[in-house]
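Chain B: place on chain A using the hints.
Line order of the protein sequences matches chains A and B. So that you can map any letter, position 392 of the first sequence is 392 in the numbering used here, and since no number is skipped, the others follow by simple counting. Just remember that the numbering used here sits 481 ahead of the position in the second sequence, which is counted from 1.
Be a bit skeptical, because a hint or two may be false.
Below, a list of computed lysine-lysine pairs in the DSSO-like style, where the Cα atoms sit at most 27 Å apart [unchecked claim]:
id: 1; chain 1: A; residue 1: Lys347; chain 2: A; residue 2: Lys199
id: 2; chain 1: B; residue 1: Lys1178; chain 2: A; residue 2: Lys226
id: 3; chain 1: B; residue 1: Lys602; chain 2: B; residue 2: Lys1099
id: 4; chain 1: B; residue 1: Lys602; chain 2: B; residue 2: Lys1015
id: 5; chain 1: B; residue 1: Lys1178; chain 2: A; residue 2: Lys260
id: 6; chain 1: A; residue 1: Lys199; chain 2: A; residue 2: Lys344
These stretches of chain B come out as covered by chain A in the derived footprint (C-beta under 8 Å, 3 or more residues) [unchecked claim]:
id: 7; region: 1032-1038
id: 8; region: 1138-1147
id: 9; region: 1153-1166
id: 10; region: 1193-1204
Please keep in mind that the hints were generated in silico from the structure rather than gathered at the bench. Here the structure is a predicted model, which is why all the values come from computation and not from measurement. Ideal placement from N, C-alpha and C gives every residue a C-beta, glycine not left out.
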Amino acid sequence: MTAEELLAIQGRRRFLRDGTCGIGTVALSGLLAEDGLVAGVTGESDTFLPREPHHAATARNVIFLNMSGGPSQLDLFDPKPRLQQLHRKPVPASFLAGLNDPVIKAGATVMATPRTFSRYGECGMEFSDRLPHLAGHADDLCMLRGMVTDTANHHPGQLLLNCGTPMFGHPSMGAWVSYGLGSESRNMPAFVVLTSYSKPASLVGPSLWTNGFLSSSYRGVAFRSKGEPILHLENPAGVSEMFQRVRVDTVRRLNALRLKQTRDHEISSRIASYELAYRMQAEAPDLLDFSDESAATLEMYGLNDETTRWYGTNCLLARRMIERGVRFVQLFHSDWDHHLDLDKLLKVDCRMTDRPAAALLTDLKQRGLLDDTLVVWGGEFGRTPMNEVRRGNSPGHQGRDHHPFGFTMLMAGGGVRGGQVVGGTDELGYHAVEDRVHIHDLQATILHCLGLDHTRLTYRHQGRDFRLTDVGGNVVEKVLA
Amino acid sequence: MSLTRSLVEDPYGFLRRTGVILLTASIFLGVVSRPASAADADPAEQRHWSYRPIVRPEVPPAAGGAWARNAVDLFVHRRLVREGIVPSPVAGRETLIRRVTLDLIGLPPTPREVMAFIKDKRPGAYQRVVDRLLASPHYGERWARPWLDVAHYADSDGYLTDQLRPVAWRFRHWVVEALNGDMPFDRFTIEQLAGDLLPEATIQQKIATGFLRQTLSNREGGADVEEFRVMQVKDRVATVGTVWLGSTVGCSACHDHKFDPITQREFYELYAFFNSADEVNIDAPLPGELGPYRDKRPEYDRRRRELIAPRSVEIEKLQRRWEQRLLEANANPGQDYRWDRRWEILGLIWRQGLGEGQLEGQEIVKLVPARRSQWQREQLFEYFLRFGADIDSKRFSELGLSQIKSGIDALNRELPRLSRAATVRETQNPRKSFFLNRGVYNDRGPVVRPDTPGFLPPIGKPLRRNRLALARWLVSRDNPLTARVIVNRAWQEFFGRGLVMTSEDFGIQGERPSHPDLLDWLAARFMDRGWSTKWLHRQIVCSAVYRQSSHVRPELRDRDPDNRLLARQSSLRLTAEAIRDSALAASGLLSRSLGGPSVRPPQSASTVMGGFGKSGWKVSERDGRYRRALYIFIKRATPFPQLATFDAPNARDSCTHRERSNTPLQALTLLNDPLFFEASRALAQRAVREIDGGTDKRIDHVFRICTARLPGDLERRELADSHRRLVAVLRRDPGAVAKLVPEKIEGLDPVEVGAWTGVCSVVLNLHEFITRD
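For reference, chain A alone in the conformation it holds in the complex (with noise of 0.2 Å):
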């Protein structure tokens, strides 16, 4: 039987699907390595060839909810009873000692929160009553008050957060992830990031999922935030299964030809994407379809709610993502950015994110995917302790500016253990002053937990071993169950 009636006769997703004897399944290595290209020409295998963990990995894959920008931690998840009492007043000179810092402004007086903190959970772990969904989840998250950042930049604290370093061009931690695992899926990115926005003007861009200097393959697919997610996804009018097949087959055997002609090692990824192009045109529609989700499941992602739709949208996606073998998933939101405004403007952001965002993690607890799955929350800083003001002295409209000293982020599921606070800041929230987790050890922690030891995850470029976690990270070892 030839491939084509095989195609035929099964149709291509079942035919993709069905074990690892169909053309669509066997490897790319594999058809190349027949041919002694790939291994023999570039030294590499398939570049999305699930590699082994450098230890018992807790988590499968990682959700990431990117909330750039830098949320509010003194108006979401650190209370501090007194900026209530220094409210209107300068900040006392103890907490300013030898700091030199742009972010510090002469005269900002600090700002109290005008939000009331609750305890939820068994745990009693402490939200403001902006996030009363992912509050619901206190005893599944933990709570990192001790958060600390290099930077007070928007984009170099989300390069750091993302790939490790505030300079442009180096890996994201997704591309780092796929380049160390590879891909447990054949017919998805291992990669794939989602984006929604509360304001026009974005604050993130491809830098951030970027393969750097490793494989262009790594690189982190990112879905159309608008329309259809994927364009093309459909042949062209009059374009068979088998007509497509033949298309996908010659362009690969010409590609491969040429590889070893020019050796080229960009053509190597060029082949592994017509072949995942091929896969996803099978797959994707299928992810794409929310009409096997119940009804129940879509109202809980706030699909049904205008506010919530985006966000809830890219959630949901994110499970079914993970369910097919995406390894690392990245949700980001912008912004967070809240100079001024901010009570209004939090208010927008977390109404768009909240619900959904707690939806994906009952969700993922319920069936059973919360265990291998790990989900992180937070943004590239926090928020001064200090206001804002930009525009004139209108009480009601106080902001706060970016603060790298003290923030807080969220994790869960996938070895982390829940319904704990790790760390925690002074009486002013300006410093971290316990258990002070440094983004590095935040990334340190996500590969520790993904079976991957950041000190051993390295990629040898101009003459340098680089690694996404530079010459720092600890892995925190309080945040694991």
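Relative to the frame of chain A, chain B by itself:
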């Protein structure tokens, strides 16, 4: 004193003495012409490399036999010799003509051009190709694109409302023409930054200032117009810093630069040059427009006067009252929110959707009427007729102003239009520039005056410290950065990366040049040769370095993974625009017409819905669908997906270096995007029609069109096999054939056309097709 003792007891004295001895010896022997210790005494040598004056280095002596073709090669070769590496052989002629054609005009060579080059055995064949390409009008189109990237050109405002800028293209056209005419880069700079300030400035020179009109505009209700004006000025400073100085000047808007020697104060001194520039559009008639306009204008003026004449004094009085009220709101905000809002709206919606200066309405109101131009008077009056009733609605209707408005609208519809262009001009309402604390637009510190940063040569004593003086300073012979930065970005286009890899940052944090002497030699010669861009491009493409094969050399993979030593060319994925243009060119669909307004080729319904709502994306007529990608309308909030997928930048801020990614979305685009499939079908028809007979001959033809070379035996066999399989597939499926080939073509078998469509699409999907080797 023994040597040992002196070393122990008086190490400095010893070293000093022996140093002197060594120095004397070396001068005596003529070994060292300029001793190291002398360099230490020269403060210029202590400075960061890119801030030192550009001194033309000596060209290394000829070496390496016949390899080197010009001075560029001698610099590269010297380094290769030091590393013990031999350069790569010259690329084959097919590769070479495809490479240089794509690099210089952004389109693939035609088979005829390829054959002519292969057959041209006379000396200078390659130079003749280069000359032809440099003279091609498509050269300007190709080279406009990276310049528009750094200018962050777009056809819309950005932000939420993302209003259209239908006249933005005038600047793009100016760039294309300037490049085609090889306008010296110093003049190119001066006209774009200060064309309006040149004596007797021409309309073209004013259009050039459109460079400064590529900042985003926020017309969303609630936006503070001053806040966004300040953002625009900051963006201009940051852009000039990036584009000419290769400096991340923009970092200093909020604080002193963390790494480079530029203070926050210096940022605002640069800012002061631009703070007095206002956005204004001007009449910039296209050929044929002025005559009809002039014929009708006197009649228009007469009838317009007649409409107003009976009550003109009272009307003017009412309009003054309205203006007064607006000015009071501006001076004392918070007294009456309704007038605050009206003042704000004047600043937000002024002639929106026409790409006009957003704040011009407010600036006109601020001017005493006697200083207003006729155009300003008319525009403000028409705005007053639309929105002025709030001042006194009873009086407004008594004076019949609504009827007058309808009358003027009717007159305006009849008057032949003059095309307009976006420019800047020195403001008529001078404003002071302040140091802004932490960069916050209304947190003003001391007043600052225009000046250039202290780490660069001073601006001297120009007659006036304005944009013109700044532009001249940027391109003065003493400025160490501009020529280096520009030469480096040109190099980057031809090799994939610059001699300085961080083409956007020549500061402390940037990478150092791989070949400092070569960079300086090119920069110095570029200036000596009158800043001729075409001279620079010719110099580079005619070098042996450029002409090398791009084949990867496994033995160098570890030693030089990024090909910094230039022991070979690099294979580079084409830009988004070149990919689309190449597919259209190969298929024969490409429209090669030059210039004109932006076009809107078809795009997916979901993109149109997502970004355009009711306003829609009115798809261009036939020719407009197949224009070069340079001409595609750039809507900032909704980028054209085909281009975005292949890393076209987002036009938000200056982009000096595009990414070259490789994703499955690109594969899906090339396989399934209707445009690329249409190109495959057109190419198939071309192949079937143009080549009689055998499959192999047709394959060769298609392959030559797309890659400039002939396929190898194995490649030919694969394609022939795919053709055979596709014919078999289609013979069994007449329904598919009808969809694949919707229009019957006389004398062509639809199954053949369908199968060849598949074969052609395979070739258009090859890595080689979207790569320049």
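Contradicted hints - numbers only: 2, 3
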